[in-house]
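Protein sequence lines, in the order shown, are assigned to chains B and D. The opening residue of the first sequence carries number 1 in the numbering used here; numbering runs sequentially from there. The opening residue of the second sequence carries number 1 in the numbering used here; numbering runs sequentially from there.
Please keep in mind that the hints were generated in silico from the structure rather than gathered at the bench. Misleading hints may appear alongside valid ones.
Unchecked claim - Think about it this way: if two alpha-carbon atoms lie no more than 27 angstroms apart in a straight line, the pair counts; the simulated DSSO-like pairs of lysine-lysine are:
#  : chain 1 : residue 1 : chain 2 : residue 2
1  : B       : LYS224    : B       : LYS152
2  : D       : LYS373    : D       : LYS411
3  : D       : LYS374    : B       : LYS253
4  : D       : LYS91     : B       : LYS385
5  : D       : LYS381    : B       : LYS315
6  : D       : LYS224    : D       : LYS194
7  : D       : LYS374    : B       : LYS69
8  : D       : LYS432    : B       : LYS315
9  : D       : LYS253    : B       : LYS411
10 : B       : LYS181    : B       : LYS191
11 : B       : LYS3      : D       : LYS3
12 : D       : LYS194    : D       : LYS253
13 : D       : LYS411    : B       : LYS253
14 : D       : LYS374    : B       : LYS3
15 : B       : LYS69     : D       : LYS18
16 : B       : LYS381    : D       : LYS381
17 : B       : LYS69     : B       : LYS56
18 : B       : LYS69     : B       : LYS152
19 : B       : LYS423    : B       : LYS374
20 : D       : LYS256    : B       : LYS373
21 : B       : LYS18     : D       : LYS256
22 : D       : LYS91     : B       : LYS22
23 : D       : LYS235    : B       : LYS256
24 : D       : LYS3      : B       : LYS91
25 : D       : LYS370    : B       : LYS162
26 : D       : LYS70     : B       : LYS63
Unchecked claim - Here are the simulated distance ranges between beta carbons:
#  : chain 1 : residue 1 : chain 2 : residue 2 : range
27 : D       : ASN389    : B       : SER363    : 35 to 43 angstroms
28 : B       : ASN73     : D       : ASN389    : 19 to 27 angstroms
29 : B       : LYS235    : D       : LYS385    : 39 to 47 angstroms
30 : B       : ILE344    : D       : LYS224    : 43 to 51 angstroms
31 : D       : LYS423    : B       : ASN245    : 40 to 48 angstroms
32 : D       : ASN392    : B       : LYS345    : 54 to 62 angstroms
33 : D       : LYS191    : B       : LYS423    : 53 to 61 angstroms
We put the CB at the ideal spot given by N, CA and C, even for glycine.
Protein chains: 2
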Amino acid sequence: MQKINPRTLSGFMELLPKDQLKFNYIYDAIRNTYEQFGFLPLDTPIIEASEVLLAKAGGETEKQVYQIKKGDNELTLRFDLTVPLAKYVAKNYGELSFPFRRYQIGKVYRGERAQKGRFREFYQCDIDIIGDGELSIVNDAEIPNIIYNVFKNIGLSDFVIKINNRKLLNGFFDYLNLKEKSSDIMRIIDKIEKIGTEKVIEELKEYDVNNENIDKIIEFINIKGLNENIISDLKKLNIDNELFNTGLEELEKVLKYAYNFGMNNDVLEIDLRISRGLDYYTGTVYETFLREHKSIGSICSGGRYDNLAEFYTDKKLPGVGISIGLTRLFDQLMELNILEDEQIKVSDMLIIPMTDNYDYIISCYNELVKENKKVQIFYEKRSIKSIINYANNLNIPYVIFIGDDEVNTNKITIKNIKTFEQKTDTLENILKEQ
Amino acid sequence: MQKINPRTLSGFMELLPKDQLKFNYIYDAIRNTYEQFGFLPLDTPIIEASEVLLAKAGGETEKQVYQIKKGDNELTLRFDLTVPLAKYVAKNYGELSFPFRRYQIGKVYRGERAQKGRFREFYQCDIDIIGDGELSIVNDAEIPNIIYNVFKNIGLSDFVIKINNRKLLNGFFDYLNLKEKSSDIMRIIDKIEKIGTEKVIEELKEYDVNNENIDKIIEFINIKGLNENIISDLKKLNIDNELFNTGLEELEKVLKYAYNFGMNNDVLEIDLRISRGLDYYTGTVYETFLREHKSIGSICSGGRYDNLAEFYTDKKLPGVGISIGLTRLFDQLMELNILEDEQIKVSDMLIIPMTDNYDYIISCYNELVKENKKVQIFYEKRSIKSIINYANNLNIPYVIFIGDDEVNTNKITIKNIKTFEQKTDTLENILKEQ
Numbered sequence: 001m002q003k004i005n006p007r008t009l010s011g012f013m014e015l016l017p018k019d020q021l022k023f024n025y026i027y028d029a030i031r032n033t034y035e036q037f038g039f040l041p042l043d044t045p046i047i048e049a050s051e052v053l054l055a056k057a058g059g060e061t062e063k064q065v066y067q068i069k070k071g072d073n074e075l076t077l078r079f080d081l082t083v084p085l086a087k088y089v090a091k092n093y094g095e096l097s098f099p100f101r102r103y104q105i106g107k108v109y110r111g112e113r114a115q116k117g118r119f120r121e122f123y124q125c126d127i128d129i130i131g132d133g134e135l136s137i138v139n140d141a142e143i144p145n146i147i148y149n150v151f152k153n154i155g156l157s158d159f160v161i162k163i164n165n166r167k168l169l170n171g172f173f174d175y176l177n178l179k180e181k182s183s184d185i186m187r188i189i190d191k192i193e194k195i196g197t198e199k200v201i202e203e204l205k206e207y208d209v210n211n212e213n214i215d216k217i218i219e220f221i222n223i224k225g226l227n228e229n230i231i232s233d234l235k236k237l238n239i240d241n242e243l244f245n246t247g248l249e250e251l252e253k254v255l256k257y258a259y260n261f262g263m264n265n266d267v268l269e270i271d272l273r274i275s276r277g278l279d280y281y282t283g284t285v286y287e288t289f290l291r292e293h294k295s296i297g298s299i300c301s302g303g304r305y306d307n308l309a310e311f312y313t314d315k316k317l318p319g320v321g322i323s324i325g326l327t328r329l330f331d332q333l334m335e336l337n338i339l340e341d342e343q344i345k346v347s348d349m350l351i352i353p354m355t356d357n358y359d360y361i362i363s364c365y366n367e368l369v370k371e372n373k374k375v376q377i378f379y380e381k382r383s384i385k386s387i388i389n390y391a392n393n394l395n396i397p398y399v400i401f402i403g404d405d406e407v408n409t410n411k412i413t414i415k416n417i418k419t420f421e422q423k424t425d426t427l428e429n430i431l432k433e434q
Numbered sequence: 001m002q003k004i005n006p007r008t009l010s011g012f013m014e015l016l017p018k019d020q021l022k023f024n025y026i027y028d029a030i031r032n033t034y035e036q037f038g039f040l041p042l043d044t045p046i047i048e049a050s051e052v053l054l055a056k057a058g059g060e061t062e063k064q065v066y067q068i069k070k071g072d073n074e075l076t077l078r079f080d081l082t083v084p085l086a087k088y089v090a091k092n093y094g095e096l097s098f099p100f101r102r103y104q105i106g107k108v109y110r111g112e113r114a115q116k117g118r119f120r121e122f123y124q125c126d127i128d129i130i131g132d133g134e135l136s137i138v139n140d141a142e143i144p145n146i147i148y149n150v151f152k153n154i155g156l157s158d159f160v161i162k163i164n165n166r167k168l169l170n171g172f173f174d175y176l177n178l179k180e181k182s183s184d185i186m187r188i189i190d191k192i193e194k195i196g197t198e199k200v201i202e203e204l205k206e207y208d209v210n211n212e213n214i215d216k217i218i219e220f221i222n223i224k225g226l227n228e229n230i231i232s233d234l235k236k237l238n239i240d241n242e243l244f245n246t247g248l249e250e251l252e253k254v255l256k257y258a259y260n261f262g263m264n265n266d267v268l269e270i271d272l273r274i275s276r277g278l279d280y281y282t283g284t285v286y287e288t289f290l291r292e293h294k295s296i297g298s299i300c301s302g303g304r305y306d307n308l309a310e311f312y313t314d315k316k317l318p319g320v321g322i323s324i325g326l327t328r329l330f331d332q333l334m335e336l337n338i339l340e341d342e343q344i345k346v347s348d349m350l351i352i353p354m355t356d357n358y359d360y361i362i363s364c365y366n367e368l369v370k371e372n373k374k375v376q377i378f379y380e381k382r383s384i385k386s387i388i389n390y391a392n393n394l395n396i397p398y399v400i401f402i403g404d405d406e407v408n409t410n411k412i413t414i415k416n417i418k419t420f421e422q423k424t425d426t427l428e429n430i431l432k433e434q
């Protein structure tokens with residue numbers, strides 16, 4: 001028979017079991033943290049009507065989406081979890097309790113040009129807090145604490161959460177009479193870490209920002225130091241612009257409350273260069289970096305927005321949320337080799353039958369299971385060496401031999417496959433020592 | 001602005017948070033049980049090359065799949081988890097440890113005609129044990145124990161696992177000189193619960209099975225009673241057919257070992273009518289029914305197959321596995337109203353600020369979190385009634401009031417929202433009583 005090449009599409013992550021276990025460890029850490037903070041689970045379809053999903057999309061997004069024609073229906077695979085959330089909240093408005101705190105972890109699809117580190121199918125892990133009409137600024141201060149706990153629970157330590165406020169930036173550009181260019185300027189300065197100051201100046205010139213203003217912008221985004229100092233430096237600018245001052249007030253409050261939640265200058269840093277590009281955001285914005293690996297970019301981003309679902313409903317639904325691109329993050333953590341092996345094991349023990357007396361073997365198995373041990377029996381006839389190999393590959397720390405001697409004496413033989421320590425005793429005694 | 005109707009496609013399940021929590025409870029019970037039994041996680045892409053996914057498919061399947069054209073690529077959404085497993089094992093053969101015990105829980109897609117209880121996007125929860133060249137029959141005996149534990153952990157009790165062996169059936173039909181009609185006969189008798197004996201006889205006649213053979217078939221599938229009695233009745237038939245006798249031997253062994261694993265006549269029943277339709281299965285077959293709700297059909301099915309991946313590789317890969325159609329199962333359990341509400345709560349406590357002193361409020365929050373309480377703060381300005389409503393909707397059992405009195409006396413006020421019991425004390429004392 002002609003065989004078909006069992007290939008997996010490029011841009012689609014498919015892991016070997018050992019790596020999948022690591023992936024799931026991170027997945028679970030994120031999920032459990034989101035749940036710990038009281039977020040409700042949501043699971044929306046991967047396929048939606050194109051007209052619903054692309055209500056707001058334009059240009060790049062439309063080009064990248066996967067579309068399906070099924071009969072007369074124009075369908076699209078979701079490209080993020082925010083648009084489905086907007087649809088869901090608009091659709092179920094009357095049934096939800098606000099503020100609606102929801103998390104969703106799921107696959108999304110973007111048909112980008114395949115390249116290293118870019119995925120066409122990838123997990124997003126989102127939380128959002130959606131208010132009905134309004135949403136307290138204290139929510140914005142709780143978010144860094146959640147980000148902090150997520151990454152701590154994943155096992156990462158050396159990360160920093162950067163924070164800024166779009167009102168502050170928009171107000172500042174308005175004050176410089178650059179209101180209409182505000183979006184473009186933010187998009188440009190957002191790239192400064194990647195492209196450098198010279199290139200930023202060049203690009204600003206291309207947008208007809210005059211030299212005086214360029215100087216002021218560069219000076220502004222170079223305000224650095226401890227958060228408290230940045231706040232007082234910003235106040236000293238004495239900028240007479242309402243939006244700017246609202247932004248400054250918000251930033252100050254978010255910082256104060258975030259400190260109450262346990263944040264400090266080490267993990268939470270004001271960075272006036274952060275703007276998150278998207279016009280969608282209207283207040284607080286967040287990005288998260290690994291201090292030692294800044295090159296991999298932000299590993300968790302988000303912010304405050306004024307109106308989640310304006311394409312579907314007249315209700316005003318302000319929100320604040322963050323998203324982790326898990327597939328890319330995992331790929332990069334693997335590359336950096338900063339995930340540990342040992343903690344993940346699929347079973348505690350592997351029983352190796354040296355006899356066909358399954359009555360006794362399975363009765364031992366049942367006893368161990370009753371004591372909450374995760375046990376497997378290796379039923380196949382193989383060499384001991386290849387069975388030990390199997391246990392090693394699956395990080396199973398103990399093997400248990402049961403042969404005729406053990407059956408006759410009502411004992412088992414247990415062996416630690418790392419230390420080669422071995423002992424024969426009754427199951428009861430062995431359990432006592434485990 | 002013209003609003004777009006925020007609809008969800010029919011045939012796609014999208015739950016309200018309360019129901020999603022119940023769904024996740026079942027999802028987790030299945031996943032945890034699969035892991036308890038030492039199955040490795042697998043997560044294959046939802047999109048595969050059409051040529052890979054449809055290697056084996058024909059007729060109905062091809063008509064139902066969702067296909068995507070993206071540039072020159074013909075892509076298909078997976079319609080089950082078995083074909084991706086076959087691809088995966090063939091692709092990664094050299095990297096896997098056999099027997100390869102894997103579970104996968106994920107969404108699959110079938111563009112069936114939408115009707116009540118039928119879903120176009122649904123979760124399958126599969127386990128399979130794949131052998132390299134051969135696979136011991138004891139594996140077949142472990143499966144009912146896993147099924148039993150899954151449903152026990154979901155919280156169901158009154159279910160029965162039905163078991164049969166295709167070799168037994170094929171051997172019997174061969175013995176009656178009906179070998180070529182074997183598949184059709186199995187397909188027909190598999191429906192007997194639904195269509196009744198008369199209709200089965202009628203259909204068998206349409207396939208030119210003569211009256212004598214029809215009598216023998218009906219007599220055969222009516223062999224009932226305790227498992228031991230069925231086995232001895234089958235032996236008494238003295239059928240001189242090798243396949244039949246291999247099947248009988250297998251069935252007897254599976255039963256014996258399954259009893260060792262703790263199964264008995266109450267939960268595991270031989271049923272000679274069960275054949276699982278698909279030619280794919282070659283030995284043991286399983287179906288699972290809720291005794292009080294047989295009408296909903298099998299809630300977990302599977303069986304033994306000779307060769308998993310013949311379309312991709314020359315390696316012989318026998319296996320045994322089961323699948324739970326979670327979305328349909330959940331839908332039906334909800335309909336029957338047999339899932340409990342109370343056990344699922346998103347948080348333990350909701351703090352209701354009656355003051356703006358967030359220093360004190362958040363410090364209380366931090367203390368509670370440190371004691372592993374799942375706590376939320378309700379930051380928005382709302383009436384107490386509407387906040388209590390929020391807690392009720394989310395099954396949060398306690399609310400904590402913090403006003404100026406509490407701040408000044410360094411206390412909190414806690415209220416059980418079911419019993420209305422309320423008390424004011426230091427946080428330390430209240431934690432002691434929780």
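inquiry  = Let me make sure I understand: some of the numbered hints might not hold for this structure. Which ones are they, in numerical order?
reply    = 7, 8, 11, 12, 14, 15, 16, 18, 21, 23, 27, 28 and 32
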